[in-house]
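Chain by chain, the residues run as shown.
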Amino acid sequence: MSDPGAFLAMGGYAGFVWPAYGIAFAALGGLAAYSWRRYRASVLELERLQQQRGRRR
Amino acid sequence: MINWLANPARFIRVSEKAVPWCGWTAAAVLALGLFWSLVLAPPDYQQGDTVRIMYVHVPAAWMALSVYLFVAVASAVALVWRHPLAEVAARSAAPVGAAFTFVCLATGSLWGRPMWGAWWVWDARLTSVLVLFFLYLGYIALVNAFDDPSRGGRAGAVLALVGVVNLPIIKFSVDWWNTLHQPASVMRIGGPRIAVSMLVPLVIMAAGFMLLFALLLMVRMRTALNERKAMALRLNAGAVAPRQPEPEPAVAAHTAIS
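So the protein lines, in turn, are chains A and B. So the first sequence is residues 1444 to 1500, counted in the working numbering. So the second sequence is residues 277 to 534, counted in the working numbering.
Simulated from the structure, these hints should not be mistaken for lab results. Honestly, I wouldn't trust all of these hints.
[Stated by the list, open to error] Facing chain B, according to a computed beta carbon distance under 10 Å, are these residues of chain A, among others: (1) G1448; (2) G1458; (3) F1459; (4) Y1464; (5) L1474; (6) A1475; (7) Y1477; (8) S1485; (9) V1486; (10) R1491; (11) Q1493.
[Stated by the list, open to error] To give an idea of the interface, some chain A residues facing chain B are shown, with a C-beta separation under 10 Å as derived from the structure: (12) V1460; (13) P1462; (14) A1463; (15) A1467; (16) A1470; (17) L1471; (18) G1473; (19) E1488; (20) L1492.
For clarity, every value in this text was computed on a predicted model and none was experimentally measured. Here a beta-carbon is modelled for each residue, glycine too, at the ideal position from N, C-alpha and C.
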């Protein structure tokens, strides 16, 4: 990777190689981020309900 | 091992420790795989640098098939043995499998344009993978179409099992029909037919994708279990809450009809 320009050009196929990696990153990274956010939300909601239940008792 | 993890409380305990470990390992393996794929691996003598698309496309294709098999096996276990976590596992894995199938299709299209001269051809391999993507979408839609999660799970499980017929069609499509897609060059009798310098990044990326799947599966299963527990608490709270005054009978009848 001594020449960053050549690396980015990907032998003339930059328009295909980089979008392929970009799509993979967006799809899998997006799903990972969504799954993690939903997991955090579920933990917070469960804690809230358990506290509410504790107060009612 | 699977039987041992069948207990939801035990699964939560084990996955609590496994999630951070799996997350960091997946990140490290994927970073190494990306560096190897984009920097260290040589360009192909015919495909040039487009061969680098293969390091994402091929592992995504392997995962698309493997995750579907996982969904089908988990569905069978849920249908036959009423395994408490099997249905949750199948439901949680399906969107991850759909994402891998989408990546496989999109990256294949981006490779096909410069190499075949077409973004898409109705070739047996491509078409059967597209059918797999629709099977995933159908499964996800079906399991979420019912108010009662167990009914949705059962309907989805039947669809997942019927869809298994597509897996050998995908695998052997390149042998059974005259396709534009090349035949297997890694998972074949007689060993891989690609250079070691290209096989190494492929295997590292495949390991990274497997770890990512394991991580997402655990996180999504924990989410589903939390959401079910929260729903049970809400229902319980509703059942013990002070009862509201009953509406007048005439109004109640009218409401029921409308």
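Status of each hint after checking the structure:
Hint on G1448/A is violated. Least Cβ distance to chain B is approximately 14 Å, over the 10 Å limit. Taking 10 Å as the C-beta contact cut-off toward chain B, the hint placing G1458/A at the interface holds, the least distance being around 9 Å. For F1459/A, the shortest C-beta to C-beta distance to chain B is roughly 5 Å, which falls under 10 Å, so the interface hint holds. Restraint check, Y1464/A versus chain B: the minimum CB separation of about 6 Å is within 10 Å; hint holds.
Given hint, L1474/A at the interface with chain B, holds; its Cβ is 5 Å from that chain's nearest Cβ, closer than 10 Å. Against a cut-off of 10 Å between C-beta atoms, the interface hint on A1475/A holds, since the closest Cβ of chain B lies about 6 Å away. Interface restraint check for Y1477/A: the shortest CB-CB distance to chain B comes to about 9 Å, inside 10 Å, so the restraint holds. The beta carbon of S1485/A is positioned within 10 Å of a beta carbon in chain B (closest approach about 4 Å), and the interface hint is therefore held.
Here the hint on V1486/A is kept, as its CB sits about 6 Å from the closest CB of chain B, short of 10 Å. Here the hint on R1491/A is kept, as its CB sits about 9 Å from the closest CB of chain B, short of 10 Å. Interface restraint check for Q1493/A: the shortest CB-CB distance to chain B comes to about 7 Å, inside 10 Å, so the restraint holds. A cut of 10 Å between beta carbons decides the hint on V1460/A: the least distance to chain B is about 5 Å, and the hint holds.
For P1462/A, the shortest C-beta to C-beta distance to chain B is roughly 6 Å, which falls under 10 Å, so the interface hint holds. Among the interface hints, the one on A1463/A holds; its C-beta lies about 4 Å from the nearest C-beta in chain B, closer than the 10 Å criterion. Given hint, A1467/A at the interface with chain B, holds; its Cβ is 5 Å from that chain's nearest Cβ, closer than 10 Å. Interface hint at A1470/A: satisfied, since its Cβ lies 5 Å from the closest Cβ of chain B, which is below the 10 Å cut-off.
Restraint check, L1471/A versus chain B: the minimum CB separation of about 6 Å is within 10 Å; hint holds. Annotation: G1473/A was flagged as interfacial toward chain B, and the flag holds, the nearest CB pair being 8 Å apart, inside 10 Å. Among the interface hints, the one on E1488/A holds; its C-beta lies about 5 Å from the nearest C-beta in chain B, closer than the 10 Å criterion. Hint status for L1492/A: holds, given a least beta-carbon distance of 4 Å to chain B, under 10 Å.
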